[in-house]
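Trainee: Chain G is already provided as a structure; the job is to place chain U on it using the hints.
Here's the letter readout for the chains.
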Amino acid sequence: MSMLNITIDGQAIEMPAGSTILEAAKKVGIDIPTLCHLDMEKQFNQQAAACRICVVEVENRRNLAPACATPLMNGMVIKTDTPRVIEARKTVLHLMLSDHPLDCLTCEKAGACKLQDLCYQYGIEESMYPGMQNDFPLDESNQFYTRNLNKCVACRRCVQVCTNFQHTKAIGFGNRGFTTHPVAPFDKGMDASDCASCGNCVSVCPVGALLPKSKEKYRSWEINKTRTTCSYCGVGCQMNLVTKGNKVVGVEPVDGASNDGLLCVKGKFGFNFVDHPDRLTSPLIRKNGELVKATWDEALDLVAAKAKSIRAEHGSEALAGLSSARVTNEENYLFQKMVRAGFGTNSVDHCARL
Amino acid sequence: MTNSINELIDSNVIFISGSNTTENHPVIGAKIRQAKKNGAKIIVVDPRKIDIADDADVFLQVNPGTNIALSNAIMNYIISERLEDAEYVKERTENYDELVSVVGDFTPEKAAEICGVSAEDIKKAARMYAEGEKGSIVYCMGVTQHSSGTEGVMSMANLAMLCGNIGIESGGVNPLRGQNNVQGACDMGALPGTYPAYQKVVDANVKAKFEEAWGVELSDKVGLTLTEIVHKAGHGDIKFLYIMGENPMVSDPDLTHVEEALKNTEFLVVQDIFLTETAQLADVVLPAASFAEKDGTFSNTERRVQRVRKAINPIGDCKPDWQILSGVLKRLGIGKDYASPEDVFAEIREVTPSYAGISYDRLNELGSLQWPCPTEDHAGTKFLHVGKFARGLGLFKPAAFKPSAEVPCDEYPVILTTGRVLYHYHTRTMTGKVDGLNAMSPESFVEINPEAARKLSIVEGDKVKISTRRGSVMATAKVTPKLKENVVFMPFHFADGAANALTNPVLDPIAKIPEYKSCAAKLEKVAWDWSEETDGIR
Chain G
1 MSMLNITIDG QAIEMPAGST ILEAAKKVGI DIPTLCHLDM EKQFNQQAAA CRICVVEVEN
61 RRNLAPACAT PLMNGMVIKT DTPRVIEARK TVLHLMLSDH PLDCLTCEKA GACKLQDLCY
121 QYGIEESMYP GMQNDFPLDE SNQFYTRNLN KCVACRRCVQ VCTNFQHTKA IGFGNRGFTT
181 HPVAPFDKGM DASDCASCGN CVSVCPVGAL LPKSKEKYRS WEINKTRTTC SYCGVGCQMN
241 LVTKGNKVVG VEPVDGASND GLLCVKGKFG FNFVDHPDRL TSPLIRKNGE LVKATWDEAL
301 DLVAAKAKSI RAEHGSEALA GLSSARVTNE ENYLFQKMVR AGFGTNSVDH CARL
Chain U
355 MTNSINELID SNVIFISGSN TTENHPVIGA KIRQAKKNGA KIIVVDPRKI DIADDADVFL
415 QVNPGTNIAL SNAIMNYIIS ERLEDAEYVK ERTENYDELV SVVGDFTPEK AAEICGVSAE
475 DIKKAARMYA EGEKGSIVYC MGVTQHSSGT EGVMSMANLA MLCGNIGIES GGVNPLRGQN
535 NVQGACDMGA LPGTYPAYQK VVDANVKAKF EEAWGVELSD KVGLTLTEIV HKAGHGDIKF
595 LYIMGENPMV SDPDLTHVEE ALKNTEFLVV QDIFLTETAQ LADVVLPAAS FAEKDGTFSN
655 TERRVQRVRK AINPIGDCKP DWQILSGVLK RLGIGKDYAS PEDVFAEIRE VTPSYAGISY
715 DRLNELGSLQ WPCPTEDHAG TKFLHVGKFA RGLGLFKPAA FKPSAEVPCD EYPVILTTGR
775 VLYHYHTRTM TGKVDGLNAM SPESFVEINP EAARKLSIVE GDKVKISTRR GSVMATAKVT
835 PKLKENVVFM PFHFADGAAN ALTNPVLDPI AKIPEYKSCA AKLEKVAWDW SEETDGIR
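So the protein sequences, as listed, match chains G and U.
Each residue of the first sequence is one higher than the last, beginning at 1 in the numbering used here.
Each residue of the second sequence is one higher than the last, beginning at 355 in the numbering used here.
Among the hints, a few may not be true.
[Said to hold, decoys possible] Here are some, though not all, of the chain G residues that point toward chain U, as calculated from beta-carbon distances under 10 angstroms:
1. 197
2. 269
3. 304
4. 307
Since the hints were made in silico from the structure, they are not lab data.
We put the CB at the ideal spot given by N, CA and C, even for glycine.
Bound-form chain G, shown alone (with noise of 0.2 angstroms):
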């Protein structure tokens, strides 16, 4: 692979052929700031170039370059923070900010919010471009995330991930200049539209236009998140649980090896069995036909009792245990032990075949 000589703010680098000017930066841990760039995997990631708040300076070039689609070339000169960039770094958050409702004190998504950052980070408070605003009505027609295009920056995000990476083609872009936005066919509800839920475009979304249609309302600064496992099919998607107190309230994919940051309708929206009225809380005992509630020590007990008398009286061929797919390796491993060693039989068995 040829290698490329720049230089950027200053600090001579080499990079291979083909990068861009947000990977030379982030090679150095020079921050540009990004809104539209998905940073999910590297094929299929045509860059949209949308939102222009990567811009950057490079020497002998008129205008300034979106650093996340600009490729660099031998000898390029960039300079990521001047204040003609800063300026037009602004201009771009007053444009946004200009077409975009001020309701972050009541917004789900403020703390998580891209755009919020921003104009923290540049200290803006309101748009200097007062005037219409664009009214769309919201789109409750999905059964799983709400759409808010009112507050849509615009950066078809979403229309990457649903046509570059989960390939569904759901949403395109309607219409030019003022009243562009994302739109399911015919610009109807998303419930006319192919969607699969799989609820890709909420997570990419970096403001509040796609929102999931939460059980429970939390403030980004109250949750936690705990990287783990999905627990439905075995693709293994690596996902985030998100947690207030000890409730999940939402899930995350993360950028996992076998799902780069992708999720479907199952693994993105369907946790709320977690915490559901119905899960079983206590041991139960058959007492007269019934089921009754019963201590650990009486349930556990009762099994090891019944376990060994009735490997006494008929052999251990008289007893068997089926495992789970669905628990984790460690429990497999101890179950199968516990047939094994405790049982005295080999008939144990899963719904593999099922």
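Mentor: Just chain U now, kept in the frame of chain G:
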């Protein structure tokens, strides 16, 4: 999977058989579509025109239970056109002559008749797969859940070896595993014939090793499979049955028989997070913690071991399964006090060679490791069988085509096949508790071809009675051109309108897998006043 999920993106051709990928493994479905965008050719074999069939360069809408006939014809054509990888066959495989003789008379024309597809399409698929430099086979339960399921899998392997596609990056034979940790459950020895890492229970050395590790005498007799356990329980031969995190009352074939069997078991223990249909029959119910409430590891379909981490405390008085099992083991006088899942994992590593190099520290640092990973300095294994097969030479195990155990007849004129939908998971123990998912898929249904529906005067939304030799159920008709006229489809998720009250419990003699994907059925439109008629049926 012999290979890894992300290798699909660089495959030249992907042969998908019996896998409704975009609904059942949605993220892999997305990767296959990324591969298509990257230039891969896609071949889809399925009785239904599933979503991914829209992306196919060749779509073979086969009759259920005819995969082997199709594979044989594909191999027949590849051999007769000399498209095979002759050097690979010579260097790396054995028993090629038998393959040639078994598939020798299985021409595409002959298979076309059996499978219900055109001979031209079979040839086109054969050429496409053989000519792709890196060809990946992706299959799922549509290949395995037949009375000849094992042979179906072998034909997939035969085809891959014939074209030199095993042991190369972006190739391989790739079963997609349906459950988060079905791979791990097998790896850990939750199988009647093998200890952890597939070490055989009949091997005296292996037995001695585990007897020493666990400090007890062990049986050298291969145990019973799930379906055999249920069968024996029906006869009263199983007196004590411990079921953890499974719901055979919905997931097993011939449910009426399952219910009798479980009721006939003297002592039934069920450990689960909900009072499932199965738990309702138990003598003791042990409340378990969900995945969000515990630590541990899952192994995914590509042999990738990844961490599960506790995000919240267990709900109510429930406990993680490992703690419950640890309690039982202790009372049975086996095992030590396990302080944590990591403690258990340390024991697993000692007796499981393929996991020996994996530790929680490494997983936390690297994110994941793919077994085989024999030592701590091993980086894990991205794809298998490089240079040589685990057994040395790759053995061709050709299979002759056998029809399904039940084929349509005058009384049961159509073929019933079953599967899952995007919005539900297995027996709905989890997804049935999520409002949005229930709203998207509220009830059991039966998919019927429009012409078949017209002949029975069935329209979309009608209540339909589906019957097989096992019984009858009601479901709502979905009229769709996804199916051919001789096939109907039902999801198996629902306890009400349960497809598995209908399915044929006949087993593959080797793997003991039931024939869920094909049985003979009949449909009847139910008159509007059907309240009385429902009494006698599930």
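Trainee: Hint by hint, say whether it matches the structure.
Mentor: Hint check results:
Taken as an interface hint, residue 197(G) checks out: its beta carbon lies about 7 angstroms from the nearest beta carbon of chain U, inside 10 angstroms. A distance limit of 10 angstroms between C-beta atoms decides the matter here; for residue 269(G) the minimum to chain U is near 6 angstroms, and the interface restraint holds. Interface hint at residue 304(G): satisfied, since its Cβ lies 4 angstroms from the closest Cβ of chain U, which is below the 10 angstroms cut-off. A least Cβ separation of about 6 angstroms between residue 307(G) and chain U falls short of the 10 angstroms threshold, and the interface hint therefore holds.
Every hint from the earlier list agrees with this structure, and none is contradicted.
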